[in-house]
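So the protein lines, in turn, are chains A and B.
Position 63 (the first sequence) corresponds to 189 in our numbering; numbering is contiguous.
Position 91 (the second sequence) corresponds to 106 in our numbering; numbering is contiguous.
What the hints contain is simulated information worked out from the structure, not anything from laboratory work.
In this text, a Cβ means the ideal position worked out from N, Cα and C, and glycines have one as well.
30 angstroms max Cα-Cα, derived DSBU-like pairs, lysine-lysine: (1) 180(A) - 163(A); (2) 194(A) - 72(B); (3) 163(A) - 72(B); (4) 180(A) - 197(A).
Anything over 10 angstroms on all C-beta distances counts as not near chain B; from chain A, calculated: (5) 137; (6) 142; (7) 148; (8) 155; (9) 180; (10) 183; (11) 185; (12) 186; (13) 191; (14) 192; (15) 193; (16) 209; (17) 240.
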Amino acid sequence: DQQVKQNSPSLSVQEGRISILNCDYTNSMFDYFLWYKKYPAEGPTFLISISSIKDKNEDGRFTVFLNKSAKHLSLHIVPSQPGDSAVYFCAAIPTVSGGYQKVTFGTGTKLQVIP
Amino acid sequence: KAGVTQTPRYLIKTRGQQVTLSCSPISGHRSVSWYQQTPGQGLQFLFEYFSETQRNKGNFPGRFSGRQFSNSRSEMNVSTLELGDSALYLCASSLAINTEAFFGQGTRLTVV
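In isolation and in its complexed conformation, chain B is listed as follows (with noise of 0.2 angstroms):
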């Protein structure tokens, strides 16, 4: 089956522009998780959405959004972006609780 999907891989924006980044979860899989991931600092979460409802957040600023819709895609968006806002991010999906996560293949935003 598919597995999780995220677009675009790539993204070059220019400081105080927005972005929106989409995820596709594994069929089935209602649990949608967003990391950030620079270096030197591993996988940080930034928030997981079940149900289309945000059940977790990561201390990230509020210019970190997201959501999750029926179809259990989700997008997140990130306003009046910064220098350091460039990173990997990466979305996961689960099944259930205590069920390892199936990451996509990331999306590399580059802020200048």
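Extracted from the complex, chain A is given alone in its bound form (with noise of 0.2 angstroms):
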């Protein structure tokens, strides 16, 4: 049961314009998510994220959306440039209690940005 979908696989977009990912997501507990960025051969690295209490969250080029009745999110990256060609990753948390949290990811969407 995947709870958390990224239905494409790749995207590929010319330099300077914008790319968009989307994830899609089921569990309504999920409260809080999260964009990583992987290049091959190493871990994901954090991009940026969203509480469930915002529907837009910006950090330079990037701009993640969130559409809590629709359970959706998407990651835009404007400029686009040819070194964020990577996989990114979305991921949920859950409204948890204790001390600990556990991360869904999605498969992925691997993103080529061509010069």
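With the hints in hand, could you dock these two chains into one complex?
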């Protein structure tokens, strides 16, 4: 049961254009969402996050949008650069207590930015 | 400060053997999670430890086990290795709930 889904396994975008990566989730208990970027042979690195009390969070070229009613979030990269080429994972954390968390990851979207 | 350290980086084992992977979290982080990454499957959650106790467990067979020590370092063990266990195993540490996890570079396990 894939609770976090990234339905596009790959995406190609021209340099300078906008990249939009999408993520859908099914568990209404998720209330914190993150995006990670992963280069080959490296572990994922944290990119940007958003709490469910917000619908938008911006950090430089990266903006994450959250639509709670649709259980959908997206990552916008503007402008896209060749160095952005990587696999992007969205992740979700449920409301929990007790000092621990369980992060559920999507299957990833491979972004290729073409110079 | 030092990041999450996983050892070894690469490992080749034969079917039927067992393997132990190690993870040292970021200093001060008490939560350590393990993930398996295979092509097309994304990051599959294995288990999570907090203060030496397993808090969550994913849908993996009992051949996969782990533990956490008092210094928060964690080990993952896979017994009776199968070819399908070949994957990148990632460890992540985090400080508290609702905070991002920081990943190590992973251990690439190849079972032949």
